[in-house]
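Peer 1: Under our numbering, the residue at position 249 of the sequence shown is numbered 249, and the numbers go up by one with no gaps.
Worth flagging that the hints you see were computed from the coordinates, not collected in a lab.
In this text, all values refer to a predicted model and were calculated from it rather than measured experimentally.
One or more hints might be untrue.
Said to hold, decoys possible - Quick list of in silico lysine-lysine cross-link-like pairs, DSBU-like style, CA-CA up to 30 angstroms:
1) K132 - K3
2) K156 - K143
3) K132 - K261
4) K156 - K132
5) K79 - K134
6) K378 - K3
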Amino acid sequence: MDKEFNLATSTELDGEPIIHLYQTLGAEAMAKQLDGVFAFCILDVVNRKVILGRDTYGVRPLFRFQTDEGFLGVCSEAKGLFGLSHSLSDEDVHIDAFPPGHIEIYDLDKDGRAFLKERTCFNSPGQFPLYKTKISSFSKDVKENVSRLLEAAVEKRLMADVRIGCLLSGGLDSSLVAALFNKLANEKGITYPLQTFAIGLEGSPDLKAARKVADHLGTEHHEVIMTPEEGIDAIDSVIYHLESYDITTVRASVGMFLLSKYIREKTNTKVILSGEGADEVAQGYIYFHHAPSPEEGDKESRRLLKDLYMFDVLRSDRATAAWSLEVRVPFLDHQFSSYYLSLDPELRQPKNSIEKYLLRSAFDESDLLPKEILWRPKEAFSDGISSVSRSWYQIIQDYCQEQ
1 MDKEFNLATS TELDGEPIIH LYQTLGAEAM AKQLDGVFAF CILDVVNRKV ILGRDTYGVR
61 PLFRFQTDEG FLGVCSEAKG LFGLSHSLSD EDVHIDAFPP GHIEIYDLDK DGRAFLKERT
121 CFNSPGQFPL YKTKISSFSK DVKENVSRLL EAAVEKRLMA DVRIGCLLSG GLDSSLVAAL
181 FNKLANEKGI TYPLQTFAIG LEGSPDLKAA RKVADHLGTE HHEVIMTPEE GIDAIDSVIY
241 HLESYDITTV RASVGMFLLS KYIREKTNTK VILSGEGADE VAQGYIYFHH APSPEEGDKE
301 SRRLLKDLYM FDVLRSDRAT AAWSLEVRVP FLDHQFSSYY LSLDPELRQP KNSIEKYLLR
361 SAFDESDLLP KEILWRPKEA FSDGISSVSR SWYQIIQDYC QEQ
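Based on the sequences and whatever the hints tell you, model everything.
Peer 2: What follows is the structure, given as structure tokens:
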């Protein structure tokens, strides 16, 4: 990007090009050139403007609070905006999550009051990127394209000056990411061993499957056994960091929250690769089997992606950021996801009673993963961490009834 636009950057910080691109291209064109996940607030003192923006899927959080009198507050957490509301009570404060894939431009008057001038959607799920991509041409073989694009998405996310690891549930999504990371690490000469991390109650299917993948890949595998008491004790903290009472999201976040705590306290890994987004992009949920038509399945996939910022990526970003870790999600790579969504809806629907059939097939001829993992049926994160004898869902239900 520095070379393409002749940017006069003076640091290695990945956020600095945003400022120079804005100066060169303007707000909307700048946002369309950004490849990655982001949330930004630019204060343009010269032109008396404030510009807000957020990535296509809302992987990074952004909240705003504005009054009719021109007060504008912006924060990565909603809780950070309470107390900035002047004479308003908390009940009267309306804090909104900034919409993914949008920019907003505010004018500042002579008294510093901000008033919305323009709101623009610069990208939505399925739109191809306008910036230069690593893979500039596609093969006639769809499966080859899918595998190449996902590998490129993982490779792109290996740029870091700190240690990178992988969350590993033993399901298809995290296992593919870990396997591709392992392959690329060998090719790129990454010297530290790949660390993989799994969590579950004693005897959970996720732990067993993750162990099989880790053994196959030869990773330095870390296995965390979560007790019911630890899970219950973490719920209040999870809700605090998520800023959500959505039952499924809270339940699914506890394991990731506790696993992130372990990574922070017991290892030197700072960046985590994870498999969020695959179920939405590749139609991985069980109910996709019952879509009335391929076209309806496509509509549902796009709807899920538009709402993803309130659920799965909210979980992954907040549960890891609570412990100062950075999560990266290759399946939500702009080029990979837009290509996948551009394919004939019939190709993307479940086949032979198997969800994500195309994605699995794209890697079927490789030896990246054992076949029983590549074709392992879908497990929800909170279901997979459950023990054989008692589910995490039931543990929470029993606790609530006791209270």
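Peer 1: None of the hints should be skipped; say for each whether it holds.
Peer 2: Evaluation of the provided hints:
At roughly 12 angstroms between alpha-carbon atoms, K132 and K3 fall within 30 angstroms of each other, so this suggested pair holds. Between the alpha carbons of K156 and K143 the distance comes to roughly 20 angstroms, so the proposed pair stays at or under 30 angstroms and holds. Restraint check for K132 and K261: the C-alpha separation of about 37 angstroms exceeds 30 angstroms, so the hint is violated. A hinted pair counts as satisfied when its Cα atoms are at most 30 angstroms apart, and K156 with K132 qualifies at roughly 13 angstroms.
Between K79 and K134 the alpha-carbon distance is near 39 angstroms, which puts this suggested pair outside the 30 angstroms criterion. Restraint check for K378 and K3: not satisfied, since their Cα atoms lie roughly 43 angstroms apart, outside the 30 angstroms limit.
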